[in-house]
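Residue numbers (this note's numbering), protein chains in the order written: chain A, 1 to 195; chain B, 1001 to 1343; chain C, 2001 to 2188.
Keep in mind the hints are simulated off the structure, nothing from the lab. Source: prediction; values computed, not measured. The C-beta atom is built at its ideal place from N, Cα and C for all residues, glycine as well. Careful, some of the hints might be misleading.
Incomplete in silico selection of chain B near chain A, CB under 10 Å [claimed, not checked]:
1) GLN1109
2) GLY1112
3) GLN1116
4) MET1130
5) ILE1142
6) LEU1278
7) ILE1285
8) ALA1295
9) THR1302
10) TRP1304
Here are some of the chain A residues that sit facing chain C, going by a computed Cβ distance under 10 Å [what the hints assert, rightly or not]:
11) VAL5
12) ALA75
13) LEU171
Chain A residues, not near chain C, derived (Cβ > 12 Å throughout) [claimed, not checked]:
14) MET1
15) LEU3
16) ARG39
17) SER77
18) SER88
19) ALA143
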Amino acid sequence: MNLIVSMLAVLVSSAVIENLLFARAIGADHILRQTRSYRFIIEFGLGAAVISGVTVMPLWWLSQTFGRESWWNYARSMAAVLLIAVVSLLLTIAMAAAGRIQRPMRLVDQGAVYSASLAIVLLSLTAKMAFLPSVLYCFGASAGLAAAMILVHAGRERLELCVLPRSFEGLPITMIYIGILSLAIYGLIGHQLPT
Amino acid sequence: MKLRTQNPPHIRSRESNLTMMTDIVIATLPLYAMAVYYYGTRALLLGGFGVIVSSLADGACQLLAGKIPNIRDLSGAVTGLLIPLLLPASAGYSMILLAALFGIAVAKQPFGGMGQNIFNPAAAGTAFAMICWPKSAFAYPIPFERLPAMVDDTVRLVSSPAYSLSLGGTPNIDLLDMLLGNVPGPMGGTNILVLLTCLIFLIVRKTVGLAMPAAFLGGASLVALLTPRVDAPALTAVAYELMSGLLVIGAVFLINDPVTSPKRTLPKIFYGFGTGALSVAFRHIGRYEESFLFALLVMNATVWIIDVWGEHLAHAMRRKNREFKTNPPVSEPAEQDVGAAQK
Amino acid sequence: MPFVIVPTLSLRAGLLMSAFLAAATIPSAVLASLVGRKIPPLFSLPFYGAVSTGCVLLLRLCVSGQALLLEDLGVYVPLAAFNGMMLELALVHPRRRASDALHDAVMMCFGFLLVAAFLSALREFLGSGSLWGVPLTAPIRIRGLVLPFSGFILIGFLSALFRRVDSIIIGRMLRASRRTAKQGGDAV
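Chain A extracted, bound-state conformation:
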């Protein structure tokens, strides 16, 4: 029972308290340009979850082995980038073989998935948790990021109905919208996160 509660706590904290978008602004530029539909956001979230969840497994083991070495801080980032590349390549091949890909993903979208997955993996390793919580952290953070992007996308749909001052259309009003939401979530949860 304690295990289930602690796992749930990891999931909730990674999705809500340490929300990538509202607390760390990761994914903010992607949501401005790329999110075209709710389905796309969900696919983005799933992709980030799978890639980061699979990547963190060998990296966690490597952290346990080499974590005390002085060069590990440098090697960790490079290892994460290369592993993410391998995992995403394998995922792309697997989905193409299963006939689930109608057209190749745009490079910018791929870059956004890479960036989000890298952030999730590095944050998971920095937190120095056990194996299962680290993996759950990745899934929770991806789910939280997708939920945050859905909320912002809904806000952008609402903003299309407003007659905005011309200077505020697009990027400025979206940033202000995310800022007020981030203020609200900080007020609800409220702790300063380490970067």
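Please arrange chains B and C on chain A, whose structure you already have, making use of the hints.
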């Protein structure tokens, strides 16, 4: 040919923006009267300062946007009146200034101004002030201790019942005192009886409906009942939860904002219930002793989704109703009738 | 975008973040103009990602003495390898000539530097009451400026301000050109 716009002659309603805002201004007057009774004329100074700053900010933003400032629009004044009521009577003028500026210039005007804002300006401005000055925002003067116009270190500030609840303790205050407002707390948030009277006034004037405040208080009560923070009988715990903090003033003035709340009745109930439940739920784990304003801002962001699903539900119900009327279900004949027919 | 919103809490942090972004962007942009066409699209992102990460880590090694600053920047240092400028110049619209790529990358990074410097100076001065670590007396202390939400809001307003100024300048240029064209037409 010069074209003039005017209201269609077949639409007649006494209600307008001005009447609604006037009703709300009138509803805040008893709260200010009680605040003056408890804390002195500083309460009026804060209210007046808030109104001036908000109205000027509103006008300036409209000018910058190339519009003519609307003098008859009292929405800026309403924001300026509400912000001091959500803060302590000892709040500094700079806090009121920045809260009003944030509410108008960040949460309202960039979104298109009156009628188009997604977030409640008073809630956003006060939330910003709470985060920037948490010590000042959650330290309250004692009622009946007259405050000078400029508050200094000699003024005694104490914590509110909400703080005691957040620590898991039972407030050492009689429930009757909490009802009458004889407790330290937000300037307009402690006078529960007066607030309920204001709510009745607004409902009778049809400025607000009953659905949202009732659902809001219902949601808050339910969560308070299920997760009490004090070691007291259930109803007492719920009463402490509801009467501490900003829940009641939020139910009267903030949750009912027609611009930032849903349009249909069922979504309104869902919105109110969700805001109440979220406010009380996050009192358990939140950083601050009061979570209502932050919960309201989060729910403001979900209003669009709630409205869309409300429309889908309304259309589905209308369709079902129409199908039922055009093709009513045929009832099977009774056995006696069948027997009689056979004979 | 996240690099200018969250880590720019002090002027030094903002400038260091700009340096990391430049280290990630400029080599990748130049490399893309030189060898970009020879790399298959499937491997282009991992390739440029690895190159950017290598450059960022090299710079991190050079500034490893600034341990406190690096701790403040945290996860944004390795993330700088996948910034939007790098993606734009190396993947989406790689330049044909190395000189164009270098020019565009340097100008983009300079633009980021200006914005990051302004924002971080403002947030440090009004939020923390100091500038470049030197305590100063600010007219008002707004604690909320050191939190992420203020970064979003400040970027929104800064962007709106730039658009407004842009529209005023373009409007004046258009009016001047119309006036010139009209005068030219009258002369004819």
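In ascending order, which of the hints set out earlier in this document are inconsistent with the structure? 5, 11, 17, 18
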